[in-house]
Amino acid sequence: MGLATLGNFAGALDAAGPQPLLLDCSKVSAISGTLSAPLGGLLSLALHRGASLKEIDVQRPVHDLLVANGFLKVYKAGVAQATDDYLGTTIGYQHFQADHYAAFIQHYLHAGVVEKGLPGLAATTRRRFEQGVFEVLENARQHAGSPVGIFCCGELDPEGQRLSFCVADLGRGFGGNVSRFLGRPVGPVEAIAWAMQEGHTTKRGDIPGGLGLKLLLEFLGEVDGTLRILSNAGYWESDRGIVVKAELAYPFPGTVVWMDLSTAPQSGVERPARIDAGAIF
Amino acid sequence: MEPVALNVVELAGGAFCVASDDGVKVHTAMAEHLRAGHPVRLDFTGVEGLTSAFLNAAVGQLYGEFTPERIRGLLTVEGLPDADLILLKRVVERAKAYFADRGDFEDAWARADD
Numbered sequence: 013m014g015l016a017t018l019g020n021f022a023g024a025l026d027a028a029g030p031q032p033l034l035l036d037c038s039k040v041s042a043i044s045g046t047l048s049a050p051l052g053g054l055l056s057l058a059l060h061r062g063a064s065l066k067e068i069d070v071q072r073p074v075h076d077l078l079v080a081n082g083f084l085k086v087y088k089a090g091v092a093q094a095t096d097d098y099l100g101t102t103i104g105y106q107h108f109q110a111d112h113y114a115a116f117i118q119h120y121l122h123a124g125v126v127e128k129g130l131p132g133l134a135a136t137t138r139r140r141f142e143q144g145v146f147e148v149l150e151n152a153r154q155h156a157g158s159p160v161g162i163f164c165c166g167e168l169d170p171e172g173q174r175l176s177f178c179v180a181d182l183g184r185g186f187g188g189n190v191s192r193f194l195g196r197p198v199g200p201v202e203a204i205a206w207a208m209q210e211g212h213t214t215k216r217g218d219i220p221g222g223l224g225l226k227l228l229l230e231f232l233g234e235v236d237g238t239l240r241i242l243s244n245a246g247y248w249e250s251d252r253g254i255v256v257k258a259e260l261a262y263p264f265p266g267t268v269v270w271m272d273l274s275t276a277p278q279s280g281v282e283r284p285a286r287i288d289a290g291a292i293f
Numbered sequence: 839m840e841p842v843a844l845n846v847v848e849l850a851g852g853a854f855c856v857a858s859d860d861g862v863k864v865h866t867a868m869a870e871h872l873r874a875g876h877p878v879r880l881d882f883t884g885v886e887g888l889t890s891a892f893l894n895a896a897v898g899q900l901y902g903e904f905t906p907e908r909i910r911g912l913l914t915v916e917g918l919p920d921a922d923l924i925l926l927k928r929v930v931e932r933a934k935a936y937f938a939d940r941g942d943f944e945d946a947w948a949r950a951d952d
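Those protein sequences? They're chains A and B, same order as listed. Be aware that the first sequence starts at 13, since it is given in my numbering, and climbs by one per residue. Be aware that the second sequence starts at 839, since it is given in my numbering, and climbs by one per residue.
Hints are not guaranteed to be accurate.
Stretch by stretch, here's where chain B covers chain A in the computed footprint (C-beta under 8 Å, at least three residues) [claimed, not checked]:
(1) 142 to 155
(2) 221 to 230
In silico contact screen, one side only, chain A against chain B (beta carbon under 7 Å); selected entries [claimed, not checked]:
(3) 65
(4) 117
(5) 262
(6) 292
Since the hints were made in silico from the structure, they are not lab data. A virtual CB, placed ideally from N, CA and C, is assigned to each residue, including glycine.
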């Protein structure tokens, strides 16, 4: 199961409507823990619209993974708490309302993601990763209007020395915001491409914008990283500078921002340029 | 004239300066002094998280009201590590472009299409 299939799942949940759901995941033999973020978002949206979760049938090892990261504690009856992360690969599943930054940042992102996932990286690199996540969260808070909040999860690959981390919202998506801003219909793929350009923002008024996603993309480029964005039916990916765009058959009802980066200690180019504080303005 | 010291953590209400709304609080305090011609020293000591969204609201929007020369003459910053100084510099550059070409931004996509 990957990002491109989320739209199919969203469509199935939507078609089922407000009724008790039995999710048969028994044939899912492997899953990225990071996908827990958009999956949790979709389930929360279904519950918000009146559905109920009767049962989730999920088998090992997927079951163990989703217990360890705390996902099933939220969505499956009888799972009381997350288990020990005996493989050392788990980044916890987290759901929070958009305005509740403080608790999220203090207790989850800093300790649960950066300290655990990026221990060998330079302080500047770790700070820039946090900056990038903050930018995505602030974009979601300002622009998405997600009725069920924001969802995060990640996963470590200790052997490959990679961290993946994902932020998902169930809001308007890039297409609606960009179309409204430009005053004409803009396709879902073009909307993401437009938003990825420095200086492009859908905000109006006296506060400039249009920098956050560009900064995140630049950072990921320096740490052998990949940025994937799924918004409605639009898919945009930059993998080590190579951009891939696609329009998907089934839209995701919101936005997923997926970051993947190297956790190798040498990763993260310490920017050599020093800025004179007196020359900023 | 001795600069007025403004502490960002106090004004924003916490060490994680990420939300645009919190940046507006800093901007409001800072702009009041700048309008009066008071030099301001903006102290970021203790800030543990920073975004362009916060800095756009706090500092970037100053360029919609004051000239770069006036801001340069009255505003200084301290307490920012290099990574955050670089971020602030990018925000300032973006703000100057934003207010210089404000009318042009909405046509940017149309130009890119050509």
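- Item | Hints the structure fails to honour | Result: hints 3, 5 break, sorted rising.
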